[in-house]
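Peer 1: Modelling step: build the complete structure from the supplied sequences, incorporating the hints.
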Amino acid sequence: MVQYSQARFDASFAALSDATRRGVLEQLGRANASITDLAEKFHMTLTGMKKHVHVLERAGLVTTAKVGRVRTCKLGLRRLEEEATWIERYRQLWDARFDELDKVVGELKRKEKVDGRKKKE
Amino acid sequence: MDARRKSEPTPMKNRTTVERKSERELVVTRTFNAPARLVFEAWTKPELFRQWWVPMSMGMSLLSCEMDVRAGGKYRLEFAHGDSKAAFFGTYKEVTPHSRLVWTNEESDEGSVTTVTFEEKGGNTLLVMHELYPSKEALDAAGTGAADVMVETFAQLDELLVTLGASMGRS
Chain A
0 MVQYSQARFD
10 ASFAALSDAT
20 RRGVLEQLGR
30 ANASITDLAE
40 KFHMTLTGMK
50 KHVHVLERAG
60 LVTTAKVGRV
70 RTCKLGLRRL
80 EEEATWIERY
90 RQLWDARFDE
100 LDKVVGELKR
110 KEKVDGRKKK
120 E
Chain B
0 MDARRKSEPT
10 PMKNRTTVER
20 KSERELVVTR
30 TFNAPARLVF
40 EAWTKPELFR
50 QWWVPMSMGM
60 SLLSCEMDVR
70 AGGKYRLEFA
80 HGDSKAAFFG
90 TYKEVTPHSR
100 LVWTNEESDE
110 GSVTTVTFEE
120 KGGNTLLVMH
130 ELYPSKEALD
140 AAGTGAADVM
150 VETFAQLDEL
160 LVTLGASMGR
170 S
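Line order of the protein sequences matches chains A and B.
Residue 0 is where the first sequence starts when you use numbering that gives the first Met the number 0, and the numbers rise one by one after that.
Residue 0 is where the second sequence starts when you use numbering that gives the first Met the number 0, and the numbers rise one by one after that.
Hints are computed from structural coordinates only; laboratory data are not their basis.
Wrong hints could be hidden among the right ones.
Simulated crosslink set (DSS-like; lysine-lysine; CA at most 25 Å straight-line) [unchecked claim]:
{"id": "1", "chain 1": "B", "residue 1": "K12", "chain 2": "A", "residue 2": "K112"}
{"id": "2", "chain 1": "A", "residue 1": "K117", "chain 2": "B", "residue 2": "K12"}
{"id": "3", "chain 1": "B", "residue 1": "K12", "chain 2": "A", "residue 2": "K110"}
{"id": "4", "chain 1": "B", "residue 1": "K20", "chain 2": "B", "residue 2": "K44"}
Small disclaimer: the values here were computed from a predicted structure and weren't measured.
Peer 2: Below you can see the structure in the form of structure tokens.
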């Protein structure tokens with residue numbers, strides 16, 4: 000059965016938290032582009048754009064391939080689509096609930112200890 | 000988001016897993032670092048249950064929580080989300096202290112049957128929640144519905160996916 004990796008999901012969100020990177024994804028949705036093209040379009044240095052592309056690549060949102068001296072970037076959307084399925088959302092909902100349940104149960108445990116001590120005394 | 004967590008001495012966070020066992024079944028598992036009787040108590044006492052069932056991130060508040068936890072007993076939870084209200088209700092089918100809870104969901108004819116088991120191992124409790132839906136469509140609909148609760152967090156991503164999908168379709 001499919002299990003979704005929290006770490007990968009977090010990486011996707013971190014990658015999407017930046018306006019330039021979202022712009023790059025939109026751009027690549029229209030057509031593949033080299034890092035030089037992207038740097039020009041977003042008025043950035045090559046080094047700056049390389050960093051953004053690297054973040055997107057790590058999150059699996061973009062793939063790059065070097066042909067000759069040019070590195071071409073294209074959308075690697077499949078993984079994002081997979082992770083965005085409702086099962087992952089559902090998991091996050093339960094995860095949030097269970098974090099709260101941890102606190103409630105932790106509190107019960109503490110109370111029990113205190114009561115136990117009182118009884119012995 | 001993590002700043003608060005880092006400052007707290009949380010020992011270790013147990014993982015929540017969700018698996019779709021079949022077209023009609025969903026299984027959620029999680030371990031709790033406490034004996035089963037305490038975890039069971041938190042599921043069956045309304046005053047405790049309401050402390051965790053609606054986490055902050057859901058962006059909802061729980062208006063009322065009535066639970067008659069015994070076989071044949073009813074439950075009813077009422078929520079507010081902005082101006083809209085929703086209710087979640089059904090019947091407990093089986094209540095076995097510290098080990099098993101079964102209830103139905105009766106908001107629609109396509110409601111699920113939920114079985115929660117509490118299995119204690121070395122002072123920890125493995126919780127398994129099994130949801131059985133009458134059809135694949137019912138599970139899909141319920142899943143997306145529950146997931147929609149997390150809308151705020153995911154709205155941005157959805158928007159982007161739609162934009163990307165549309166621009167990809169064009170090329």
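Peer 1: Now tell me, hint by hint, if it's right for this structure.
Peer 2: Hint check results:
no. : hint           : verdict
1   : B:K12 x A:K112 : 22 Å, holds
2   : A:K117 x B:K12 : 30 Å, violated
3   : B:K12 x A:K110 : 21 Å, holds
4   : B:K20 x B:K44  : 29 Å, violated
Violated hints, listed in ascending order, are 2, 4; each of the other numbered hints is respected by the structure.
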